[in-house]
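Put together the whole structure using the sequences plus the hints.
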Amino acid sequence: MLHYTKLHLSKKCFLTLFFTLSFLMLLFSLLPNSNASPIEQSKIIPVNTNSKTPNLVVSQVYEINDDYIGASYGDDDNLVDAGETIELRLELQNTGDEAVTNVFGNLTTSNPFVSLSSFNQSYLQINPGETALSISYYLLEFDSIFNVSDVITFSLEMTATEGTWFDTFQLTIMGIPEPSYYGYEVTNELNGDLNADNDGVIDPGENIQFTIYIVNNGDAIYFGDEGYISVSDPFIAITDDTGYYATIDGNGDTDYSYFGLSISGACPLGYSVIFNLSLVDDFGNFMNSSFELVVSGYPEFALEEITYVEYEGDEDLFMDAGEVWSIDVTIRNIGDAIASNTYVRLNSDEPLIDFYYSGRNLSFGDMYAGFAVSKVGSYDWRIIISDQASDNQFLDLYFTIYDETSLSTNIINITIQVTGTADYDLLNFSIVEDCYYTEDCDGLISAGESFGINITFLNSGEADGNGILILIYSDDNLVDFYYDEHYYIDHGSLGAGQSDWIYSNYYWDFTISEKAKAGHVINFTILITDNSLREWSFSKTIIVDDGPNTFYFTPTGKAFIYGGSIAFILFCVFPFIQSQLKKRGKPVSLNIGDWWEDKKDKIKDKREERNRIRSQKHLERQAVKQQEERERIARISANEKRMLEKFESILKMSDSVNIDDVAKSLGLKEAQLFELLIQWQEILPFKVDGDMIEVDDTVDFTKSVQETIAEMTKYYSCYHCGFPIERSGETCPDCKNAIDRCAVCKL
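Counted from 1, the sequence shown has number 639 at position 639 by this note's numbering; the numbering is strictly sequential.
Do not take every clue at face value.
Below are the BS3-like pairs computed for lysine-lysine, each with C-alpha atoms no more than 27 Å apart in a straight line [unchecked claim]:
| no. | residue 1 | residue 2 |
| --- | --- | --- |
| 1 | Lys703 | Lys652 |
| 2 | Lys646 | Lys703 |
| 3 | Lys703 | Lys687 |
| 4 | Lys664 | Lys375 |
| 5 | Lys703 | Lys664 |
| 6 | Lys687 | Lys652 |
| 7 | Lys687 | Lys664 |
| 8 | Lys687 | Lys646 |
| 9 | Lys664 | Lys652 |
| 10 | Lys687 | Lys669 |
| 11 | Lys664 | Lys646 |
| 12 | Lys517 | Lys540 |
| 13 | Lys669 | Lys646 |
| 14 | Lys687 | Lys375 |
| 15 | Lys652 | Lys669 |
| 16 | Lys540 | Lys515 |
| 17 | Lys375 | Lys669 |
Derived from the structure by calculation, the hints contain no laboratory data.
See the structure below:
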């Protein structure tokens, strides 16, 4: 077993032990240690708990200025392109927690093809967390030797009173110039070995001066300087091999320079020569290409680009039946000689293609070898696709090109595809009881009652429907349409995807015969046709709810009780009573025949009254329509007069105006203006040349307009038929007023 013994120490012994141990520890610490390094004396640095430090970085490239203003020189697209001189502004940010003052940024790059000027810019003071722009611009010039997507790295040393910082950023080349040979033009022909014929064509024996055009198809400006041509050929001698080119903007701009050639008289016709063309820009960089010339060559044409523009239609950008489209083209002379006084005409032998304007012969002018000419055909080249064209049908057109150089006709064929036609569905067919003629108006389909027809139909096709004609008829001999030969309506047009509701049109009013029995089925046919000459047929059925209430035939339905009772009383009860009274010597006059004749007269009178009301209603409707037509013609006449007066004021200010501007001034669509122009050209001295309206003699034009307006003011609408009439000059012998006679109705 373990035994524990308690040790009891007095307070005096405890203190003695404590001081003894402390003394021994002190002596031990003072003993030398062979492994310890010498004690070094160091300066105590006080710690500042509120210490702050600034830090500068390049936040972003804030602005790339490449316009023509100031020291920059570029295409003003705010991008870095080869060959440009740009003004650059940087944005710095202080990401530290102390402001920096007297800030400068020094810009450098190791790329030898970038020149820097104004490379040290001031930023003044930048507070913590804030940004600042350079006070002015850094100026950078980029050599034309760069390629697209080349990346240039820049370094920026940022100095301030509080310290120095370094950062880098990059710029990417976005566009380069791409100059190349475009075409040529013979400008002068002199006698050489043979006499010159001055036909604008390079011929054997001539000394010629010609211009070589170059085109810049790149996205950056070409800063041109010189161009050189060279050739090694026994029949060709270069008399002037150096030309000078200016600055050429990108994206298809051109420039030209003059060169000279001498062609041997022994050179064969149609001889092909390959020339070298070297271009040198302001940076001394060479760009080499080649081109071909043919002695006594001919022009040749190619359709380079064609654009179809939807002029009138559903605006879905697809060619549909019944639409009007215009054609814009670019035609290039890919031949070896000029095409002088060139004309292009659009034609088609398709019966389903018509043209809005007969004068479809457009002038393309002189087309030099290699050159392209573009024309907008919104007026002259408008094609009308027939409504009878079918879905996915291909139609052929062709351009006929004639020039005075070759004295020949070139043909370029094109094909269009019709992608949509109109199609119709019947959404709803309902009949409405004509309460004007019906006494009970109970909503039931009863014999002897009149009804109107409502329909809703949808153009479910992909093209607008034009010239829509809707017919409704029934072969049932118990159905009588009020207008036997006019149970149709001319609806006009309905856009693709649109629906329309035709309500109770009085042309479709009909009456069910009084002989119709309950349960009788009546079939209606709804026929829709349009300018496509196609037909859509739909069938609808109604059932007579209630039969006749007369005793002409065996009644059925509700009328059985009433009709049978009346017949029983008239033909059985009354004669029996009359015979019994006669036997008793008390004759009573109950002449059923007289009563029935009187009843028939009343029925006849009622029918005549109903027909009279119908006729009166029809006349009232006709009168309303005639009045509306008179008002419409009057509005058209007044509106055309105002249009003509405004048209005159526009052409008074300028003898040549743009068609689009005239349309906007008159508040018309271009198609509406063209319709007026076609009418006005017959009476007014002006012409349409492309997109311009031109007047040769303003005085003569104004006089013609005033005479036309004066003639128009003499016209107004005939009260009887609505057509315009003119005062005859005669006077009434009674009221002495002017007599007006209509040329149409003679009233």
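For this session: Give me the numbers of the hints this structure contradicts, sorted from smallest to largest.
Result: When the structure is compared with the hints, none of them turns out to be violated.
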